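With these hints in hand, go ahead and build the complete structure from the sequences.
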Amino acid sequence: MMNKDEQALRKKSPIQIKNKRASFEYFFIDTYTAGIVLTGTEIKSIRLGKASLVDAFCYINNGEIWVKGMNISPYFYGSFSNHEARRDRKLLLTKREIRRLEIDAKNPGNTILPVLLFIDQKGRAKVDIVLAKGKKEYDKRQSLKEKEDQREMDRALKHY
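Here my numbering is used: the first residue of the sequence shown is 1, the next is one more, and so on.
No lab work stands behind these hints, which were simulated from the structure alone.
Predicted model, so just to flag it, every value in this text is computed and none were measured.
Note that the Cβ used here is the ideal one computed from N, Cα and C, for glycine as well.
None of the hints are false.
DEER-style ranges, computed between Cβ atoms:
1) Lys140 to Asp30: 15 to 25 Å
2) Ile103 to Phe76: 38 to 48 Å
3) Lys68 to Arg99: 17 to 27 Å
4) Lys122 to Arg96: 18 to 28 Å
5) Gly63 to Lys147: 36 to 46 Å
6) Asp30 to Ser79: 37 to 47 Å
7) Glu84 to Lys145: 34 to 44 Å
8) Gly35 to Asn71: 18 to 28 Å
So this is what it looks like as structure tokens:
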């Protein structure tokens, strides 16, 4: 879990690639911050903001956690050794966190999703992953209604 100092530092990070669709489709249960194993020109593409978390998900294989479907576009100035855009990438978490995620993800309706890709203060790429439970159609409508009501309240308060 993140404390307020980490959240403040994260907001200052210039590169933040978000999966906005995830909060609409899922309830977030628990959040983890993981390192990500990158090759060659991938970090350069991330620093340029050329990545996407749409349709990405995480899975656990042999005690390791992997992210599948994350798109990091090939680096424009890369040579023949440029990377594949949609390869599986390994995430770095402690064994205890991976075990906890594996147990929780086995429950029906639960999944592990990446929701935020960012560069930390030391220049390393990090991924915020969440344990999430899928929303039903009526939950999605309720979320939209709450969002619309909040927007109307903000507009009303703005004029006073």
